[in-house]
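Listed below, chain by chain, are the residues.
Number of protein chains: 2
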Amino acid sequence: MTGLSELLHDELQPLQRTLDTLETPAVLIDADVADANLVRWQQRCDDLGLANRPHIKTHRSVAWAMRQLQLGASGITVQTVGEAEVMADGGIDDLFLTTNVLGAAKLARLGALARRTKLAVVADSDAVVDAVADAAREAGATITVLIECDTGGGRCGLADPAAIAAMAKRISATSGVQFGGLMTYPAAGKRQQSQKVLEAAIDACKAVGIAVPVVSSGGSPDMWSDEGLAPVTEYRAGTYIYNDRALLNHGTATLDQCAMTVLATVVSRPTADRAIIDAGSKALTSDLLGLDGYGMVLEHPEARIYQLNEEHGLIDISACSAKPEVGDRIHVLPNHTCVVTNLFDRLYVVSGGALLGALPVDARGRSG
Amino acid sequence: MTGLSELLHDELQPLQRTLDTLETPAVLIDADVADANLVRWQQRCDDLGLANRPHIKTHRSVAWAMRQLQLGASGITVQTVGEAEVMADGGIDDLFLTTNVLGAAKLARLGALARRTKLAVVADSDAVVDAVADAAREAGATITVLIECDTGGGRCGLADPAAIAAMAKRISATSGVQFGGLMTYPAAGKRQQSQKVLEAAIDACKAVGIAVPVVSSGGSPDMWSDEGLAPVTEYRAGTYIYNDRALLNHGTATLDQCAMTVLATVVSRPTADRAIIDAGSKALTSDLLGLDGYGMVLEHPEARIYQLNEEHGLIDISACSAKPEVGDRIHVLPNHTCVVTNLFDRLYVVSGGALLGALPVDARGRSG
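Listed in order, the protein sequences are those of chains A and B. Under numbering that gives the first Met the number 0, the residue at position 356 of the first sequence is numbered 355, and the numbers go up by one with no gaps. Under numbering that gives the first Met the number 0, the residue at position 199 of the second sequence is numbered 198, and the numbers go up by one with no gaps.
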């Protein structure tokens, strides 16, 4: 992992702490595990002939995005204009912004981005197509627009093939924008349904004389499944860099492939069955993602984090054979890595059990 | 509100945006509503002869803490060493840190704080008392220690009066620390139970010859209740500055007293019954606090925010008479204001319908 080492060397902030003296709560990233996750997924995309366009919402760090590109990614995916700006500032020049952009000020920022990077966005209404086209013309740039398709996920997107074809025609006929293809985020476990909707949409576009250059799909939970991939040319996965308890529970990742833990200290043991750590909803978030409890304590897998206050996690340790004591430091595998990253200015990078330094979360808080 | 105007004048960052062109999602604070909340609560504390020690975890802004002190607060409450450092840097010199502090590096920071501010902390174990005392002696300072009591809340704290009295004796006999009294966070709706535990603890301390100078209680939900206040000398409330949907639902605040909203844009209307806004779990958080849905849309109170993705809120608008359209800007009353504040570097301050400027969230992310 020479490339990673070089990137980290440039990006990591030096620390006056070792792993033993780091103040808690702190987010630890095992660089070797994370990098192996990136390498393994790139290899699979290469094997399948899929373009790999990782979603950087999970790490929000320029260094990791650069590493993903170095390994062979065709570009990156971003979810907000703010993320796009941070990544462009970091030198990344091929961005796919998978959100409908609206509002005069934000559209002006989009136009400015299009002047300095290769930029694609999505749309699922004429209002968005027209707004993006206006912004592109205003900036003297061209923006690629993919149509977001609802293939069963029930989020944004068009589902009717005729409506998708009509919008493809509209995009093709509008100056400032060019038609880039179709984009979807399939429902978990429903990739065959997604395939049917996409194939019908592609046929409808072809029937009106419009080629579909890119079919972009995404999602970490089903990323290793071969089901229903056929029309897809590009894959957007995000969480796979760090993985988390939700993906572990889903069978997408093993525990050895989970790169992020939240280091916390047991600050109170008020009863025989209750331990309290200094990581609460401002460190772990309240995201449950269908799981029981707010994370898994690696040292005490029988423990259950049953409640979070803002700075405290309340743990039922009644089932633990060895009970954590006041002052113990424990590692929590968070339910959902992407929202944890976004709470911290920096993550602490570990390799071979040693603390290498702090990695800035460059786009933290850039939801606007 | 001359005092507030002066404080805001010093603290607000000027903007190139008006309220109409502000990029979403953005957190808006109605300064007049927030200030009236502060004035009303200070008046009640004055009427009751209670020391008001507001918890700054809700706003994490030096300017608001200064305003609370200007109105008559006896000092402030903080929940983390990081919050304490930010407030001390801002010139606030009377801090109550209501958490058990452990770990060599964090204790060293605590000692450094004690050299420059009046500082009290809590403890509920001998290990914490000894650690704080060591840190104080190391710094050549004295730290006041209150004993955290579990009066029914089931968080940290001792519940047994004899154990509390024994710890009070230990604190009194230890150099570097001095006994400051008792602290609790009562369970909602159980202040009479809290009263009984506190009175028994006070009696037990007196029986061993230890006076209890301060009895500190807290919590916004029951702050307006007269029940079980008798032994309490100091009150810690935080959320009341902004209020939120949880306190509205609890009957603690009216809608007119809610100062924080999240401004969002409707970016998609995929079906007749579904609207999607550009505020998701990275803007509203997944905190439910027992409520149905992730916030209340002020313009469409019949709408239900039934799912959050990271940057999108999915809204069921089937019950709405007038349906929001793509491009509409709406205001969401969040379930839990404290965790929303912590996601943003700045909040946007509004007065009389005009945007005054951006207020930095000075201690955002300072959970460590």
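Hints may be right or wrong, so weigh each one.
[To be verified] Covered stretches of chain A (in silico footprint by chain B; criterion: 3 or more residues with CB under 8 Å from a CB of chain B, positions within the stretch not fixed):
(1) 44 to 55
(2) 119 to 127
(3) 155 to 168
(4) 211 to 224
(5) 268 to 278
(6) 300 to 311
(7) 332 to 345
Think of the hints as simulated: they come from the structure by calculation, not from any bench. Using N, Cα and C, we set each Cβ at its ideal position, and we do this for glycine too.
Against the structure, the hints:
Counting residues of the segment 44 to 55 of chain A whose beta carbon lies closer than 8 Å to any beta carbon of chain B gives 0, which falls below the threshold of three, so the coverage claim is violated. With 4 residues having a Cβ less than 8 Å from any Cβ of chain B, the segment 119 to 127 of chain A passes the three-residue criterion, so the hint holds. With 4 residues having a Cβ less than 8 Å from any Cβ of chain B, the segment 155 to 168 of chain A passes the three-residue criterion, so the hint holds. Closer than 8 Å: that is the beta-carbon criterion, and the segment 211 to 224 of chain A has 0 residues meeting it against chain B, so the requirement of 3 is violated.
Under the rule that three or more residues need a Cβ within less than 8 Å of chain B, the assignment of the segment 268 to 278 of chain A holds, with 6 such residues. Under the rule that three or more residues need a Cβ within less than 8 Å of chain B, the assignment of the segment 300 to 311 of chain A holds, with 4 such residues. Only residues whose beta carbon comes within less than 8 Å of a beta carbon in chain B count, and the segment 332 to 345 of chain A has 6; three or more means the coverage holds.
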